[in-house]
Amino acid sequence: MAFTKKDVTLSEDRPKTLLLQKHSDYLASYGLNKDDYEYCMTEYLRMSGIYWSLTAMELMNQSSRMPKEEIIEFITSCQDKESGGISASIGHDPHMLYTLSAIQVLAMYDRVNAIDVEGVVRYVASMQQEDGSFFGDKWGEVDTRFSFCAVMCLSLLHRLDAININKAVDFVLSCMNFDGGFGSKPGSESHAGLIYCCVGTLSICKRMDALHADELAWWLCERQLPSGGLNGRPEKLPDLCYSWWVMSSLSMLNRIHWVDKKNLEQFILACQDPETGGFSDRPGDITDPFHTLFGLAGLSLLGNENIKPVNPTYCMPQETIDRLKLEPQILLI
Amino acid sequence: MHGRVKVRTTEEEKLRKEKERQEKLKVFKNVMQTIHHKRQQHEYDKELLELTGKVLASNPDIYTLWNIRREILEQIRKNNCDEEQLSKLFNDELNVTEYCLKINPKSYCAWHQREWVLTTRSDPDWKKELDLCNKYLKLDERNFHTWDYRRFVVSQCKPPLQDEFDFTTEKLLDNFSNYSAWHYRSKMLLQLYPDVEGGRPIQDKHHKHELKLVQNAAFTDPDDTSAWFYQRWLLGAVKTVTSLVVCTVTQIKTTVAFSKQVSHNYVQSKTRLFFDNVAINGDWISCNGNDHDCLWILKHNVTINDDIDVKVEYKDEYEESHVIKCLKYKPFTYIGKSDICFQNKYSQPVIEELNEQLEACRQLLLLEPDNKWTLLTTTVFLHCINAKLYHKEAMVNLQILKNLDEQRAGYYNDLISKWNIENQLPLDYEHKNLVFRPTFSDKLTSLPHLQYYNFCEIIDLSDQYLSSNILPSLKYLQHCKILILRNNKLHTLKGFPNIELEKLDIQGNEDISAEELENFTKNHNFIIMFN
Numbered sequence: 000m001a002f003t004k005k006d007v008t009l010s011e012d013r014p015k016t017l018l019l020q021k022h023s024d025y026l027a028s029y030g031l032n033k034d035d036y037e038y039c040m041t042e043y044l045r046m047s048g049i050y051w052s053l054t055a056m057e058l059m060n061q062s063s064r065m066p067k068e069e070i071i072e073f074i075t076s077c078q079d080k081e082s083g084g085i086s087a088s089i090g091h092d093p094h095m096l097y098t099l100s101a102i103q104v105l106a107m108y109d110r111v112n113a114i115d116v117e118g119v120v121r122y123v124a125s126m127q128q129e130d131g132s133f134f135g136d137k138w139g140e141v142d143t144r145f146s147f148c149a150v151m152c153l154s155l156l157h158r159l160d161a162i163n164i165n166k167a168v169d170f171v172l173s174c175m176n177f178d179g180g181f182g183s184k185p186g187s188e189s190h191a192g193l194i195y196c197c198v199g200t201l202s203i204c205k206r207m208d209a210l211h212a213d214e215l216a217w218w219l220c221e222r223q224l225p226s227g228g229l230n231g232r233p234e235k236l237p238d239l240c241y242s243w244w245v246m247s248s249l250s251m252l253n254r255i256h257w258v259d260k261k262n263l264e265q266f267i268l269a270c271q272d273p274e275t276g277g278f279s280d281r282p283g284d285i286t287d288p289f290h291t292l293f294g295l296a297g298l299s300l301l302g303n304e305n306i307k308p309v310n311p312t313y314c315m316p317q318e319t320i321d322r323l324k325l326e327p328q329i330l331l332i
Numbered sequence: 000m001h002g003r004v005k006v007r008t009t010e011e012e013k014l015r016k017e018k019e020r021q022e023k024l025k026v027f028k029n030v031m032q033t034i035h036h037k038r039q040q041h042e043y044d045k046e047l048l049e050l051t052g053k054v055l056a057s058n059p060d061i062y063t064l065w066n067i068r069r070e071i072l073e074q075i076r077k078n079n080c081d082e083e084q085l086s087k088l089f090n091d092e093l094n095v096t097e098y099c100l101k102i103n104p105k106s107y108c109a110w111h112q113r114e115w116v117l118t119t120r121s122d123p124d125w126k127k128e129l130d131l132c133n134k135y136l137k138l139d140e141r142n143f144h145t146w147d148y149r150r151f152v153v154s155q156c157k158p159p160l161q162d163e164f165d166f167t168t169e170k171l172l173d174n175f176s177n178y179s180a181w182h183y184r185s186k187m188l189l190q191l192y193p194d195v196e197g198g199r200p201i202q203d204k205h206h207k208h209e210l211k212l213v214q215n216a217a218f219t220d221p222d223d224t225s226a227w228f229y230q231r232w233l234l235g236a237v238k239t240v241t242s243l244v245v246c247t248v249t250q251i252k253t254t255v256a257f258s259k260q261v262s263h264n265y266v267q268s269k270t271r272l273f274f275d276n277v278a279i280n281g282d283w284i285s286c287n288g289n290d291h292d293c294l295w296i297l298k299h300n301v302t303i304n305d306d307i308d309v310k311v312e313y314k315d316e317y318e319e320s321h322v323i324k325c326l327k328y329k330p331f332t333y334i335g336k337s338d339i340c341f342q343n344k345y346s347q348p349v350i351e352e353l354n355e356q357l358e359a360c361r362q363l364l365l366l367e368p369d370n371k372w373t374l375l376t377t378t379v380f381l382h383c384i385n386a387k388l389y390h391k392e393a394m395v396n397l398q399i400l401k402n403l404d405e406q407r408a409g410y411y412n413d414l415i416s417k418w419n420i421e422n423q424l425p426l427d428y429e430h431k432n433l434v435f436r437p438t439f440s441d442k443l444t445s446l447p448h449l450q451y452y453n454f455c456e457i458i459d460l461s462d463q464y465l466s467s468n469i470l471p472s473l474k475y476l477q478h479c480k481i482l483i484l485r486n487n488k489l490h491t492l493k494g495f496p497n498i499e500l501e502k503l504d505i506q507g508n509e510d511i512s513a514e515e516l517e518n519f520t521k522n523h524n525f526i527i528m529f530n
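Here the protein sequences line up with chains A and B, keeping their order.
Per numbering that gives the first Met the number 0: the first sequence = residues 0 to 332.
Per numbering that gives the first Met the number 0: the second sequence = residues 0 to 530.
Incorrect hints may appear among the rest.
Stated by the list, open to error - DEER-style ranges, computed between Cβ atoms:
# : chain 1 : residue 1 : chain 2 : residue 2 : range
1 : A       : E72       : B       : H299      : 22 to 32 Å
2 : B       : T168      : A       : E11       : 39 to 49 Å
3 : A       : T75       : B       : G288      : 35 to 45 Å
Claimed, not checked - Some chain B residues close to chain A (C-beta under 7 Å, calculated; not the full set):
#  : residue
4  : M0
5  : S179
6  : W232
7  : P368
8  : K371
9  : S467
10 : L470
The hints are simulated quantities; they were obtained by calculation from the structure and are not laboratory data.
We put the beta carbon where it would ideally sit given N, CA and C, even for glycine.
Put together the whole structure using the sequences plus the hints.
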């Protein structure tokens with residue numbers, strides 16, 4: 000069967016230096032105009048949007064440009080009194096994804112007490128099922144992303160005791176595949192994003208020993224394409240966000256040196272938009288806060304000294320993780 | 000935002016587009032407001048179904064709207080609506096999801112809604128769902144949502160597993176580059192053809208058959224990576240047993256190391272130590288402070304005398320018992336090592352197949368000496384067939400691969416370290432020596448299997464290429480007195496574990512700052528040599 004290699008070519012006139020000020024300006028103005036079309040149409044994921052922007056700003060040491068008190072008030076108003084869960088925005092329903100984003104934001108601000116913490120713990124614990132898996136909300140979607148949301152959220156609140164950790168780990172391990180990777184549920188194909196979630200869960204639960212580290216890390220380093228960028232599955236195009244999913248997983252596996260850091264750095268820098276600021280999935284595409292965070296976080300893992308160190312498990316500034324005295328596991332090599 | 004190319008437009012065009020968007024936004028906001036209002040008033044009616052459907056048709060990821068639709072459908076169902084009407088409503092809902100999946104075939108919400116409808120209604124048509132999967136997989140053979148949905152449908156309607164296995168064959172023959180199909184196949188292979196008697200993951204006949212299929216795929220296009228991953232898995236599909244590799248008893252410390260991590264529960268219940276045939280009671284403590292570890296320390300109150308008889312007994316995961324007798328290495332020091340072997344063990348038919356394929360790879364390599372995948376596969380075959388015999392050739396190949404596939408040089412370096420150590424360990428275990436001093440021609444970049452050397456008193460890792468990421472692993476060196484890390488690539492001492500040394504030599508690691516060195520020496524009471 001005919002087969003063409005899937006990759007992109009980096010053009011000569013691509014950005015080659017880090018445009019920090021541009022990114023900071025981009026994120027600071029994002030959402031200032033509440034009638035902006037893109038902003039309004041993404042209301043259903045607002046809480047995660049805030050997490051992406053704030054974390055990116057924190058990593059650039061520019062978080063003072065974010066409206067702190069307004070954000071905290073918004074989070075408070077998104078907590079559902081009955082279930083304790085947190086929604087993406089006012090008028091939306093509580094969900095694990097946004098509950099985690101909210102807790103991450105409050106943890107960075109050191110203000111978790113602004114919400115009903117017990118309510119969050121109750122909500123997260125109520126999502127665990129008999130087999131150790133987690134629902135995303137009361138409607139029963141199961142996914143390893145939600146396992147990660149649960150353990151990350153509870154560990155940030157120092158309340159991992161509220162769930163059955165052994166069962167949570169066993170469920171994640173039941174999603175391991177022939178290539179050492181993980182998918183969204185038992186039987187699902189390996190995908191770098193879900194590998195990050197599963198490896199992250201094991202890192203928080205200190206069960207990294209259960210991984211087939213060499214097999215998994217080999218699969219992960221084979222995500223690097225000639226352009227330097229990383230894809231999320233074999234035979235797919237590179238995408239900037241995989242710089243995070245793959246590199247954070249490799250960091251937890253203590254094998255970040257299995258990819259070519261210089262090449263990857265070139266690809267990440269090429270995904271910047273020198274006009275608007277921000278990063279996009281591939282060079283020349285439209286930027287957004289999601290890829291802006293993962294571009295910066297990726298560069299931080301590569302050791303860029305203009306960006307604060309990021310924690311590979313939590314995707315939050317290392318200083319926050321240190322302040323909370325959390326020690327997610329990194330594999331020995 | 001994924002895959003949205005930035006297009007340059009004129010100012011005029013921009014204005015026109017912005018105006019269009021503002022119009023759209025106004026409508027959107029109005030509808031959303033009506034929806035929220037009706038929900039607050041509990042007006043769960045057809046109109047609300049229509050409104051949410053209208054918005055979802057262009058924004059299938061607004062999860063709350065799907066929740067509202069489920070609430071409406073549940074309410075209608077509770078209100079004793081007749082079966083036919085209900086069935087029609089559910090069919091309509093399936094149509095809505097299908098429409099949304101056309102807009103975004105990767106919408107988690109739309110796929111989940113479909114699953115919800117099928118498990119909620121009393122008359123699901125699974126055949127139709129399987130057909131839908133077939134159709135969608137023709138449009139995009141790699142959409143993992145469709146594959147996941149297929150597995151969900153199959154779990155409900157339970158067609159013969161063989162049918163699904165054959166489906167993957169069909170998909171692969173159509174395009175060998177379909178990684179999703181290889182993946183699905185791996186799951187079913189283990190279920191359909193396990194080697195129950197031999198304890199191997201896959202029956203010989205099928206193991207061989209799959210290897211042939213992969214070869215066929217890989218030779219069709221060596222640059223297509225999908226089949227290579229499946230092959231790597233097949234090569235690793237051998238029976239493995241966790242073993243206790245070394246037991247060390249001194250007046251200071253008693254430790255046992257395992258070939259891989261085991262749980263506290265396992266060590267406590269399956270391992271027993273005897274001094275002069277008397278079982279020693281005590282608590283097993285993980286060397287790294289985790290519930291799973293490969294090195295365990297026994298805390299006991301028994302005095303170690305000279306000339307005692309020391310042995311350790313343990314049961315492996317197949318409940319088979321093993322006894323290891325410890326020898327006296329010097330006064331008050333007893334060490335017992337097991338026979339270790341890293342060689343994969345295949346059945347005769349599989350090894351014959353591997354030899355044939357190795358030959359085919361060598362032929363292919365003559366034609367294309369610079370093909371990374373052919374060279375890597377040849378190398379892996381060599382290692383799997385007889386790692387000891389082919390050690391030198393494999394090492395040479397890995398060095399070539401470092402140049403052919405520069406991006407992954409770090410991987411090949413670590414693999415060289417690993418295979419060198421695996422080659423050396425059985426030899427080192429034959430000698431009654433308390434020193435570990437690797438002298439490979441290739442410098443070590445990592446320290447795999449370090450727990451095997453935990454009994455050594457002198458560890459000389461000088462003149463290697465070790466970076467600071469190996470430091471936490473040194474925790475395994477529980478009996479080490481002199482540790483030499485001279486002339487390596489350490490840039491920091493952050494992560495250096497708490498171990499009780501007599502002397503540490505870290506000269507010649509120029510990137511460690513003077514300030515850090517000063518602090519480090521202040522906080523440690525053993526002799527530290529640095530420049």
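Now the hints, each set against the structure:
Range check, E72/A to H299/B: about 59 Å between beta-carbon atoms, so the 22 to 32 Å window is missed. The hinted window of 39 to 49 Å between T168/B and E11/A holds, with their beta carbons roughly 46 Å apart. Range check, T75/A to G288/B: about 38 Å between beta-carbon atoms, so the 35 to 45 Å window is met. Look at M0/B: its Cβ gets to within about 4 Å of chain A, closer than 7 Å, so that hint holds up.
Look at S179/B: its Cβ gets to within about 5 Å of chain A, closer than 7 Å, so that hint holds up. Using the Cβ-Cβ criterion of 7 Å, the hint placing W232/B at the interface with chain A is satisfied: the shortest such distance is roughly 4 Å. Of the supplied interface hints, the one on P368/B is violated, with its beta-carbon coming no nearer than about 20 Å to a beta-carbon of chain A, more than 7 Å. With 7 Å as the threshold, the beta carbon of K371/B stays out of range of chain A, its nearest partner Cβ sitting at about 11 Å, so the hint is violated.
Taking 7 Å as the C-beta cut-off, the interface hint given for S467/B is violated, the closest approach to chain A being about 11 Å. The restraint placing L470/B at the interface with chain A is violated, with a minimum CB-CB distance near 10 Å, outside the 7 Å limit.
Comparing the model with each numbered hint stated earlier shows that hints 1, 7, 8, 9 and 10 do not hold.
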